[in-house]
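Peer 1: Chain order of the listed sequences is A and B. Per the working numbering, the first sequence starts with residue 1, numbered consecutively. Per the working numbering, the second sequence starts with residue 138, numbered consecutively.
Do not take every clue at face value.
Only part of the chain A face toward chain B is listed, based on derived beta-carbon distances under 8 Å [to be verified]:
1) Q4
2) K7
3) V9
4) R13
5) G15
6) F19
7) I112
8) P115
9) R124
10) G125
11) S128
12) E133
Calculated from the structure, these hints are not laboratory results. Quick caveat, the model's predicted, so the values are computed rather than measured. Quick reminder that beta carbons are idealized off the backbone N, C-alpha and C, glycines included.
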Amino acid sequence: MPVQGVKAVTTARNGVGAFILQCKRLDFHYCDWAGSSRGMVAFLKHKLPAIAKENPQIEIRVSPRPHRHPVIKGQYINGREKAICVRNLEPEQIVNKVSLLKEASGEKLKRIKKPVSSINESVRGIWSPFHGEYKGI
Amino acid sequence: MFHRSALARSLGLAEQLCTRPSITRIQASSSPLRNAAASFHQKSHAAQQATQTTTSSSISISSSAPPTPSTTPSTTTTASATQTTQQTKVPPPPQFTTPLKASESLLATLPHLAAQRPHFLTAHIHDRPYLITEGDSVRLPFLMAGVQPGDVLRLNRASVVGSREFSLKGAPFVDERLFECRVRVMGVDAEPLRVKEKTKRRNRHVQRVTSKHRYTLLRVMEVRVKGVEELKEEGVEVVKE
């Protein structure tokens with residue numbers, strides 16, 4: 001075995017033990033007057049109560065934002081924010097956007113080529129030419 | 138702040154898996170959750186006997202979500218059809234027609250592997266290998282249907298299970314009763330918008346095709362090799378070579 005340094009304090013890895021949803025808050029902004037908020041107002045009236053009841057772990061805030069397009073903003077545990085403009089969308093389309101914000105990790109979108117990312121040490125160790133028996137050529 | 142339903146689900150799963158091999162033991166217990174699970178076991182068992190097929194779905198899902206439709210699981214679909222309520226919707230435990238068979242040499246050498254932690258495992262999902270250890274995060278190259286964040290999946294296809302010095306290779310897969318591998322669904326991630334420019338010759342027009350795929354995020358909760366005692370409790374059949 002190679003020389004090992006002092007072990008670091010364990011890092012928090014969400015989901016290994018307990019699971020915390022990454023989305024912690026959803027802000028809904030709408031305008032009472034503008035036509036682009038019509039779907040949003042219908043959504044707030046008819047769909048939002050059920051969604052809020054299904055997801056007690058998410059804080060939900062609804063606030064008017066006059067003379068602006070309707071927006072849904074998601075706040076995440078990692079401190080980032082994701083905002084989606086839902087102007088002229090139907091309530092069903094807004095439901096899809098809400099589920100997108102709910103399930104998102106909050107990270108910036110990145111192109112990832114390797115599926116597995118690990119912070120663990122290599123299980124089988126790193127090969128060394130100076131250890132092990134001599135195999136011959 | 139915890140995902141309550143997910144926690145409850147995972148706890149329920151743990152209990153259920155603890156008592157997986159025998160149905161009679163579950164019936165003997167008095168907890169209401171276990172009783173519900175027991176009745177469901179009976180139901181699924183009946184469905185199983187009616188259809189008489191082997192379970193070989195690549196992923197067994199333990200959640201409120203419906204099981205993923207895969208190639209063979211006519212049994213899982215019938216079992217989930219009998220279960221309609223959202224709260225008690227626990228996936229059917231795997232049912233095996235024959236007991237696990239292990240050679241004497243395997244049982245003699247398995248303690249070396251089981252005792253040496255940590256373990257790695259090459260799990261196969263849709264026939265793609267993922268080399269995982271406990272605590273890893275996996276972004277699947279596809280969007281898994283029928284799962285929600287917080288769900289716990291049990292991966293039952295592994296081609297290699299190993300530790301620092303020992304590894305157990307399957308031909309082509311290690312029997313799923315020899316190890317436990319659980320992953321948690323963390324959410325859904327998207328890639329940045331891709332724009333592909335399509336052109337035709339001698340034409341100024343450029344068509345821009347966009348795509349934005351979505352991917353399921355997983356976190357490996359558990360990678361464990363079962364010991365010989367545990368296998369004997371579950372009724373392993375020793376085969377002479």
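Peer 1: A separate judgement is required for each hint: does it hold in the structure or not?
Peer 2: Hints versus structure:
1. Q4: violated (13 Å)
2. K7: violated (13 Å)
3. V9: violated (14 Å)
4. R13: Hint holds; R13 of chain A Cβ to chain B Cβ min 5 Å, cut 8 Å.
5. G15: This interface hint holds because 4 Å falls under the 8 Å limit.
6. F19: Holds, because the Cβ-Cβ distance from F19 of chain A to chain B comes to roughly 5 Å (cut-off 8 Å).
7. I112: Hint holds; I112 of chain A Cβ to chain B Cβ min 6 Å, cut 8 Å.
8. P115: The hint holds - P115 of chain A has a Cβ within 8 Å of chain B, the shortest such distance being about 6 Å.
9. R124: holds (6 Å)
10. G125: holds (6 Å)
11. S128: Constraint on S128 of chain A not satisfied, violated at 13 Å.
12. E133: Constraint on E133 of chain A not satisfied, violated at 14 Å.
Figure legend: structure checked against the earlier numbered hints; hints not met, in rising order: 1, 2, 3, 11, 12.
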